[in-house]
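Chemist: Spelled out from the first residue to the last, the chains are:
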Amino acid sequence: MPVLAPAALRVVLYEGEGSAPLDPGQRLAALAALLAAGYQVTRVVAGGIVTPPDSGSLLVLGQFQGGSPPPPAEEGRDGHLEVRDVTGSSGARIVEIVEEVRTGLGVESPGSWTPWFPVIDYERCTNCMQCLSFCLFDVYGVNGASELTVQNQSNCKTSCPACSRVCPEAAIMFPKYKQGPINGDVVRPEDLQSESMKVDISALLGGDIYASLRQRQKTARKRFSTERDESKALLERKRCLKKLQEKLDIPDEVLMTLPSVGDIQDRARRAKEKHAKRMARSQTVQDQKPAPSADDWGI
Amino acid sequence: MGRTSQPEDARVVYCNCTYAKVVPEDVKTEVLTRLSQSGAAFDAVADLCEMSARKDPALERIAAAGPVRIIACYPRAVHGLFRAAQAPLAGEQVEIFNMRVAAAVDIVRKALPVAVPVKGKA
Numbered sequence: 001m002p003v004l005a006p007a008a009l010r011v012v013l014y015e016g017e018g019s020a021p022l023d024p025g026q027r028l029a030a031l032a033a034l035l036a037a038g039y040q041v042t043r044v045v046a047g048g049i050v051t052p053p054d055s056g057s058l059l060v061l062g063q064f065q066g067g068s069p070p071p072p073a074e075e076g077r078d079g080h081l082e083v084r085d086v087t088g089s090s091g092a093r094i095v096e097i098v099e100e101v102r103t104g105l106g107v108e109s110p111g112s113w114t115p116w117f118p119v120i121d122y123e124r125c126t127n128c129m130q131c132l133s134f135c136l137f138d139v140y141g142v143n144g145a146s147e148l149t150v151q152n153q154s155n156c157k158t159s160c161p162a163c164s165r166v167c168p169e170a171a172i173m174f175p176k177y178k179q180g181p182i183n184g185d186v187v188r189p190e191d192l193q194s195e196s197m198k199v200d201i202s203a204l205l206g207g208d209i210y211a212s213l214r215q216r217q218k219t220a221r222k223r224f225s226t227e228r229d230e231s232k233a234l235l236e237r238k239r240c241l242k243k244l245q246e247k248l249d250i251p252d253e254v255l256m257t258l259p260s261v262g263d264i265q266d267r268a269r270r271a272k273e274k275h276a277k278r279m280a281r282s283q284t285v286q287d288q289k290p291a292p293s294a295d296d297w298g299i
Numbered sequence: 300m301g302r303t304s305q306p307e308d309a310r311v312v313y314c315n316c317t318y319a320k321v322v323p324e325d326v327k328t329e330v331l332t333r334l335s336q337s338g339a340a341f342d343a344v345a346d347l348c349e350m351s352a353r354k355d356p357a358l359e360r361i362a363a364a365g366p367v368r369i370i371a372c373y374p375r376a377v378h379g380l381f382r383a384a385q386a387p388l389a390g391e392q393v394e395i396f397n398m399r400v401a402a403a404v405d406i407v408r409k410a411l412p413v414a415v416p417v418k419g420k421a
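So the protein lines, in turn, are chains C and L. Under the working numbering, think of the first position of the first sequence as 1, with each following residue one higher. Under the working numbering, think of the first position of the second sequence as 300, with each following residue one higher.
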C-alpha cells in the first residue's frame with residue numbers, strides 16, 4: 001500500500017474573475033462527491049484567500065464561457081495545470097471530468113487506504129518506548145534525535161487502539177477512535193487513572209492474563225487430553241481473552257498475536273541497545289570535534 | 300459563541316473526515332452546505348489523517364501560509380496530525396473547530412470571515 005506518496009491532483013472550483021459562479025446545487029454536489037472520492041478541493045472567489053498551490057498537478061474547473069481563468073498567482077510553480085470548462089455540468093459530471101483528468105495524468109486513485117494509525121502527542125510523550133516495545137507490527141521507530149516516531153503507519157491494524165492503552169501518559173491518539181482521550185479529546189487526570197484507559201503493560205502481557213491463560217490451558221489440556229485438538233485450545237484462549245477484548249476494544253487478531261513476556265522484554269532490550277548505540281555514536285562524533293579555539297570563545 | 304480571535308482574512312480549511320464515520324454526518328453536511336452557499340473562498344480536504352500519513356506537502360502549505368481556521372475534529376489530534384507530517388501548526392496562527400462536539404451553525408458563524416446569509420440546505 002503506497003503510503004507516504006504526496007497527493008498529485010488538487011481540484012479548484014474557480015468562481016473568480018472570468019468565470020460565472022456555479023449554481024449552488026451544482027457546487028455543493030460537486031464538492032460533496034469530490035471529497036467523498038478523496039480529492040482536495042479549493043473554492044476560489046474574487047478577493048478570497050486560500051492556501052497557495054504546491055508543485056502538484058492542478059485542475060481548474062469553472063464556467064469560463066469562452067474565456068479562461070488567470071493562472072495561479074504562485075510564481076515559479078512548475079506543476080501541471082489543466083483547465084476545464086464545466087458550464088452546465090452536473091455535480092456527477094464534474095466528478096467524471098476530474099476522474100478523466102486524473103486517469104490521463106496517471107495519478108493514483110485517492111482513498112485506497114483507511115487512514116488508521118497512532119498520532120503522538122509530544123506534549124505528553126516521555127519517550128518511554130513502551131509502545132515501541134509493545135507493537136508487533138513495527139509501526140513505531142526512533143528518529144535521528146532519539147525521539148519516538150510513527151514510521152510505518154500502514155502497518156497499523158485498523159480499529160486497534162491497543163498501544164494507546166499501554167501508554168502511561170495517554171500520549172497516543174487515534175483521531176478516528178470513538179472515545180476520548182484516545183480520539184484526541186483533552187486528557188483529564190481521571191483518564192490516567194481509569195481502568196479502561198490505562199492498562200499496565202505487565203498486567204496485560206505478563207500478569208493476570210497469562211496466569212489466567214495458563215490455568216485455563218491446564219484445565220483445557222485435561223479436558224482435551226484425549227483429543228489433542230489444538231483448535232479447541234485456541235478457542236479456549238479466545239474465550240479467555242474475550243472479556244479483555246470487550247473492555248479494551250482490541251481486535252481478535254491482535255489479541256491472539258500478543259507477544260509473550262519474554263518477547264516484550266527482548267524487544268525493549270533491543271530498543272534500548274539501539275538507542276544507547278546511537279547516543280554513543282553521537283557522543284563519539286562530538287568528541288572527535290577539535291577543542292574550541294580562543295576565537296571560538298571570542299577571546 | 301462569540302467572534303473568532305483570528306483576523307478577518309484568515310483562510311478556512313474544512314476536513315471531510317471521509318474515511319471514518321466519527322464526525323456526525325449531519326454536522327459535516329450542514330457545515331459543508333453552509334460553506335458552499337456562502338460567498339467565501341475555502342479549502343476542503345477529504346481527510347487530514349490520510350494526508351498526514353502520506354506527509355502530503357499540502358499540509359505544509361496550510362500550516363505555513365498565515366492565519367487559518369481549521370474545521371475538523373479535536374484540536375490535540377489536528378495539531379498531532381500536522382506535526383506528524385513535519386508541518387507543525389503555529390499556535391497563534393491557527394484556530395480549530397471541532398465538528399465532533401460543536402454545532403454546525405456555531406462553527407460556521409465563527410469560522411467564516413464575514414457573516415454570509417444562508418438560504419437553507421440544498
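Think of the hints as simulated: they come from the structure by calculation, not from any bench. Given the structure is predicted, the values throughout are model-derived calculations rather than measurements. Hints may contain errors.
Restricting the straight-line Cα-Cα distance to at most 16 Å, the calculated cross-link-like pairs of lysine to aspartate or glutamate (EDC-like) are [unchecked claim]:
no.	chain 1	residue 1	chain 2	residue 2
1	L	409	L	394
2	L	354	C	249
3	L	409	L	329
4	C	157	C	54
5	C	274	C	123
6	C	178	L	324
Chemist: Each hint should be assessed against the structure and marked as holding or not.
Modeler: Here is what the structure says about each hint:
1. Of the supplied pair hints, the one linking residue 409 (chain L) and residue 394 (chain L) holds, its CA atoms being roughly 10 Å apart against a limit of 16 Å.
2. For the hint pairing residue 354 (chain L) with residue 249 (chain C), the CA-to-CA distance comes to about 28 Å; that exceeds 16 Å, so the pair is violated.
3. This hinted pair checks out: residue 409 (chain L) and residue 329 (chain L) have alpha carbons roughly 14 Å apart, not beyond 16 Å.
4. Among the hinted pairs, residue 157 (chain C) with residue 54 (chain C) is inconsistent with the structure: their alpha-carbon atoms are about 32 Å apart, more than 16 Å.
5. Distance hint between residue 274 (chain C) and residue 123 (chain C) is unfulfilled; the C-alpha atoms sit about 24 Å from each other, more than 16 Å.
6. For the given pair, residue 178 (chain C) sits about 14 Å from residue 324 (chain L) by alpha-carbon distance, which is consistent with the 16 Å threshold.
Violated hints, in rising order: 2, 4 and 5; the structure is consistent with all others.
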